[in-house]
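Chains as they are written, first to last, in my numbering: chain A, 1 to 147; chain B, 148 to 360.
For the record, the hints were derived by calculation from the structure and aren't laboratory data.
All figures in this text were calculated on a predicted structure; none of them were measured in a lab.
C-beta: ideal position from N, C-alpha, C; glycine also.
Check the hints yourself; a few may be wrong.
[Said to hold, decoys possible] Straight-line distance between alpha carbons at most 27 Å, and here's what the computed BS3-like set of lysine-lysine pairs gives:
{"no.": "1", "chain 1": "A", "residue 1": "Lys136", "chain 2": "B", "residue 2": "Lys203"}
{"no.": "2", "chain 1": "A", "residue 1": "Lys133", "chain 2": "B", "residue 2": "Lys262"}
{"no.": "3", "chain 1": "A", "residue 1": "Lys65", "chain 2": "A", "residue 2": "Lys43"}
[What the hints assert, rightly or not] Taking CB as the label site, the calculated pair distances span:
{"no.": "4", "chain 1": "A", "residue 1": "Met1", "chain 2": "B", "residue 2": "Lys275", "range": "18 to 24 Å"}
{"no.": "5", "chain 1": "A", "residue 1": "Lys133", "chain 2": "B", "residue 2": "Leu284", "range": "26 to 32 Å"}
{"no.": "6", "chain 1": "B", "residue 1": "Arg287", "chain 2": "A", "residue 2": "Ser44", "range": "39 to 45 Å"}
{"no.": "7", "chain 1": "B", "residue 1": "Val214", "chain 2": "A", "residue 2": "Tyr22", "range": "35 to 41 Å"}
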Amino acid sequence: MRVEQRQVKDQPLTVIVEYPEYDKSVDNLINKIKNMSISFTGKSDGKTVSIDISDIYYIENVERKIFLYSRKDVYRYDGSMADIDSSIGETDLVRISRTCFMNVSHLKEIMQIKNSHLEAVLDNGEKLIVSRKYLKDIKKIFRRKLL
Amino acid sequence: MRKILRDTCIFAALMILTVFAFSIAGVGFTEEIKLVFELFGLAFILSVINYIFDEKTSFSIIVGYLVKYLIVSVVVIAFGFIVGWFYPSNFWMAFIYVGVITVIVYALDSVKTEKDIEEINEMVKLNKNEKVEFTPLKKRKGWKVLLVLIAAMALLSSSLMAVYVYMANSATVPQYSGYCLNGFIISLVAAVFLLGVLAVYFVVYSSRRKKNI
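Just chain A, with the same shape it has in the complex (with noise of 0.2 Å):
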């Protein structure tokens, strides 16, 4: 693959994608791209904040209050969990219980815990509850991944 970038003044970031034939690479290419775009807003001690969904490692409802969490830090979301669920198109962002999404490029595995729940362990130690009819929605993502 050739990569070639240059500067076109006054005008907005512009990903051009040639190819000599549609197939599932250049699919997964432009879907990587658009994914890059998609980002939430979220409050943090009175600051507007916008966090990138890669920088994002799990969204979780408390009490009907939507709550934004990256590696350190948490943010106050605004929308709902439809809201949500409708802006995470093909991202890495995958539902995994009825009040949490969890941004499967960040998980490190999934273990069955003594009371037999589901637990998914995220790479900065974070344990995250998985119900198991979202167990095929993770697996979609990583199959698309892997492609």
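Chain A is fixed; fit chain B onto it per the hints.
For chain B alone, kept in the frame of chain A given last:
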């Protein structure tokens, strides 16, 4: 394969419903036709309950199945009394029927969940270009769960057989001794089915182990 089996079941169900629906015009609403529609009605009610249960609760696998078992047993008994399947003498059979089905579904679900987790963990490692480590049999839970459930089914079937033999040899054979025989057959079939699942589990395990060596 799973899709073919699922489609076969859906197709068979549609054929049965269509054939029996047309039969009403020819032979009227016979007992057999009534039973088919009652079974479909019960299946629909149970599916709705199952859907709501899965959507609204987040129990662990074991607790989830125990609660489901109790709810489904109560619904089946209530439905059975309404449509005339159960009487005060035989309603307890519902606990055995539902129990056997719950055990089979739980066994399959446990094995599938274990397989899903393993698959996801492998994909996580592949995605990070890390070495995939094969889980040895000692660390796996699926076959242990299957063994426990096979033992439970064997125990249930032998207990029911013992009760049946005791009743058959007593001076006045109770009317419902036949139910024990039915229960024995059902739990025995479940035990054999689970043995088959265990055999498939070991075959899949050994073939995957060979691939990973």
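Against the structure, the hints come out as follows:
Pair hint Lys136 of chain A plus Lys203 of chain B holds up; C-alpha atoms about 19 Å apart against a cutoff of 27 Å. For the hint pairing Lys133 of chain A with Lys262 of chain B, the CA-to-CA distance comes to about 14 Å; that is within 27 Å, so the pair holds. Our distance criterion of 27 Å between C-alpha atoms is met by Lys65 of chain A and Lys43 of chain A, whose separation comes to about 12 Å. Checked against the hint of 18 to 24 Å, the C-beta distance between Met1 of chain A and Lys275 of chain B comes to roughly 21 Å, which is consistent with it.
Checking the proposed 26 to 32 Å range against Lys133 of chain A and Leu284 of chain B shows it holds: the Cβ atoms sit about 27 Å from each other. As the Cβ distance of Arg287 of chain B to Ser44 of chain A is approximately 43 Å, the hint placing it in 39 to 45 Å holds. Against the hinted window of 35 to 41 Å, the Cβ-Cβ separation of Val214 of chain B and Tyr22 of chain A comes to about 49 Å, which falls outside the hint.
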